[in-house]
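Sequence order for the protein chains is F and D.
Mapping to the numbering used here: the first sequence position 332 is 332, numbers consecutive.
Mapping to the numbering used here: the second sequence position 158 is 158, numbers consecutive.
In case anyone wonders, no lab produced these hints; they're calculated from the structure.
Some hints could be false.
With a straight-line cut-off of 27 Å between C-alpha atoms, the simulated DSS-like cross-links for lysine-lysine are [to be verified]:
(1) K10(F) / K169(D)
(2) K345(D) / K205(F)
(3) K32(F) / K169(D)
As a plain string of letters, each chain reads:
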Amino acid sequence: MAEQTILDTKELEINMGPQHPSTHGVLRVKLKLDGERVLDAECIIGYLHRGIEKISENRSYINLVPYFDRTDYIAAVSNVYGYLLGVEKMMGIEVPDRARYVRIMMTEFNRIASHLLWLATHAIDIGAMTVFLYCFREREEILKLFEALFGARLTTHAFRVGGLWMDLPLGFEEAAQKFVDEFPGHVDEYEQLLTNNRIWIARTKDIGVISGEEAIEWGISGPPLRGSGVDYDLRKVRPYGGYEEFEFDVPLGVNGDTYDRYLIRLKEMRQSLRIIQQVLDNLPDGPVRGKAPKILKPPVGEFYSSIEGPRGELGYYIVSDGSAQPFRVRIRPPTFVNLQALRRLVKGHLVADVVAIIGTLDIVLGEIDR
Amino acid sequence: MLEILLIYAIIPLIKITAIVLFLSGAIAYLTLLERKVIAHIQVRLGPMRVGWHGLLQPIADGLKFILKEDIVPSRSDALLFTLAPIFTMIPAFVVFAVVPFGPPDMLEGPLRSVLTLVLEPAAVESVVTSAIASGGFVTDINIGVLFILSLSSVGILGIILGGWASNSKYPLLGALRSTAQMISYEVALGFSIIGVLLVAGSLSLVEIVQNQEESQLWYIFVQPVAFVLFFICAMAETNRLPFDLPEAETELVGGFHTEYSGFRFSLFFLAEYANMITVSALGVTLFWGGWLRPFPNVEWLSFLDFIPSVLWFLIKVFVFLYIFIWVRGTIPRYRFDQLMHYGWKVFLPLALANVLVSAGVLLIFM
Chain F
1 MAEQTILDTK
11 ELEINMGPQH
21 PSTHGVLRVK
31 LKLDGERVLD
41 AECIIGYLHR
51 GIEKISENRS
61 YINLVPYFDR
71 TDYIAAVSNV
81 YGYLLGVEKM
91 MGIEVPDRAR
101 YVRIMMTEFN
111 RIASHLLWLA
121 THAIDIGAMT
131 VFLYCFRERE
141 EILKLFEALF
151 GARLTTHAFR
161 VGGLWMDLPL
171 GFEEAAQKFV
181 DEFPGHVDEY
191 EQLLTNNRIW
201 IARTKDIGVI
211 SGEEAIEWGI
221 SGPPLRGSGV
231 DYDLRKVRPY
241 GGYEEFEFDV
251 PLGVNGDTYD
261 RYLIRLKEMR
271 QSLRIIQQVL
281 DNLPDGPVRG
291 KAPKILKPPV
301 GEFYSSIEGP
311 RGELGYYIVS
321 DGSAQPFRVR
331 IRPPTFVNLQ
341 ALRRLVKGHL
351 VADVVAIIGT
361 LDIVLGEIDR
Chain D
1 MLEILLIYAI
11 IPLIKITAIV
21 LFLSGAIAYL
31 TLLERKVIAH
41 IQVRLGPMRV
51 GWHGLLQPIA
61 DGLKFILKED
71 IVPSRSDALL
81 FTLAPIFTMI
91 PAFVVFAVVP
101 FGPPDMLEGP
111 LRSVLTLVLE
121 PAAVESVVTS
131 AIASGGFVTD
141 INIGVLFILS
151 LSSVGILGII
161 LGGWASNSKY
171 PLLGALRSTA
181 QMISYEVALG
191 FSIIGVLLVA
201 GSLSLVEIVQ
211 NQEESQLWYI
221 FVQPVAFVLF
231 FICAMAETNR
241 LPFDLPEAET
251 ELVGGFHTEY
261 SGFRFSLFFL
271 AEYANMITVS
281 ALGVTLFWGG
291 WLRPFPNVEW
301 LSFLDFIPSV
311 LWFLIKVFVF
321 LYIFIWVRGT
331 IPRYRFDQLM
341 HYGWKVFLPL
351 ALANVLVSAG
361 VLLIFM
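So that you can see chain F by itself, here it is in the shape it has in the complex:
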């Protein structure tokens, strides 16, 4: 597999991780280097395995919800949302309009928070320290909103079967509106620091290029797929939970490189704001929790529910044997699939690019290892 080295020298094999500042958790990458050039990269995962899929065979459908906060802890709200959509479909539970809207709003807030964390770490990997702290400043505001509605900041246990656990607290809509008004200015600020920065462009343009077709072959989804110009966003392609009622665009890239993926995520943040604004303008009155039985016993069968998480297609394949506990819950984590392409993306690049490419895939190890 190894290509010929330029000089007659030994390949250098180094371990990046599991304790490495920029593998975003406990990813371990075995790099084969010729000088600084990467000949081969092997991902080794499993350092954060908690057996969540196995645990889910021994818990009731409702008890399971908090576990999915902890798979992708950066996008806990989306994770719970995807699972609950599946369970509700299986049970045929109606969710009231108000709850549906609030769910979409909070999921989009979560998307922004997740993209902010991605931008922060991606930027600091490439050396732009200041963006890191600016992003955390804004993410903090979103976490405050989470805390007000869910009572927690990170592992939120956001939604309940049939809706929400409570209505929006007093002052929530004003706070959300304030964020929506101020945030575009902050995105402009990040763009000012990075988008036209010569060093940023030099570090991200033509790095980790993957064509649309190849991305589909690898099963890549989310921003990395759209960065290669493939128009595939589950919110548009297979609308769920009421996304068809909102207007938003799906930003697409052209070159499929790290720079395009960066631009797309920034644009997605602005689109998420548009959705939140529409929710805030059209929020219906009414109950926030539909009728749901205390013990869920879905009919025997299989069900696949998938949503467009911040990182890509997040799927839950739920098999019911008619009892109160699922027979099997298989999670399709977007970054687990996206990470496969790392080896393909880094080959021939330099060590510094490995860091940029790991960053641009936006991996979360909690989700990859489960």
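Once you have looked at the hints, place chain D on chain F.
Positioned in the frame of chain F, the structure of chain D alone reads:
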């Protein structure tokens, strides 16, 4: 006899002690300044707990470094591992032997008033008229610039040795990077300085400043291209962002000092700051008129003279350092090959062209 002792031993020793002490303090507080400035750029406060607004933080850090366990990896080359930080630290200090803080007669007044208490008037005269005794510098040698350049190359040796002696992969990669980087940027740095040397006609730092006074112009106005090149190369030379590849923490963990801990690590750490001060001082001397006030020959600005020349020098160095920190807070990091590309394909040709043009202009008009 006594006056010779005074001129060549006692007074220089006092000056050296003063400079070393001052420099140590300055380096320590430069770390605090950096943390504070960057913190404010990044909308946070920085150190606040130790002393008023963190003013005692450098002392606490120093104590911490000394008290930490001093680890020498078992597979490392213990002797070189120990020597490496010393090799990087000492040149940064020695360079200040030739950096002029003030004019050659800076200490004449104070010296005279002190010495008249103990010496004959004739002996006092012979002491105070000697530049070595009363100048605002330790010594003034006629190859000052060369001296600085050669010493700063010794500093690189420490980094290479540190990376090599650690006997570990990340430090080795870091050391290789820094060797390549510093050597290639040293070339461009040297050529950018040649522009100034051509104009000044001297390698002595004191004379360079005096020539700037005579020509009534700081050399930044005469050699703007050289200054920009010098500044960029200085950043690369001191391993600062956007060129901090040898210690790019997100790629190479700690770079060449990954295996270092405790006080040895702090020597590497402080050497970076010492080098920052060194290149700033050099830049100020070469381009910003050293100890001179702005527009040294404009009469109506003479009220600025109430600030002593040493302070002018220090203020300028401070501005230089502030820009270093400011840049770090603003822009990302270059990749290794891009850095080499700029070094060899952009900066070096530019510096060469600058030398050629300067020499041509000088030949025609002087």
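Now for the hints, and whether the structure bears them out:
1. Pair hint K10(F) plus K169(D) holds up; C-alpha atoms about 13 Å apart against a cutoff of 27 Å.
2. Restraint check for K345(D) and K205(F): satisfied, since their Cα atoms lie roughly 20 Å apart, inside the 27 Å limit.
3. Taking the CA atoms of K32(F) and K169(D), the gap is near 12 Å; set against the 27 Å cutoff, the hint holds.
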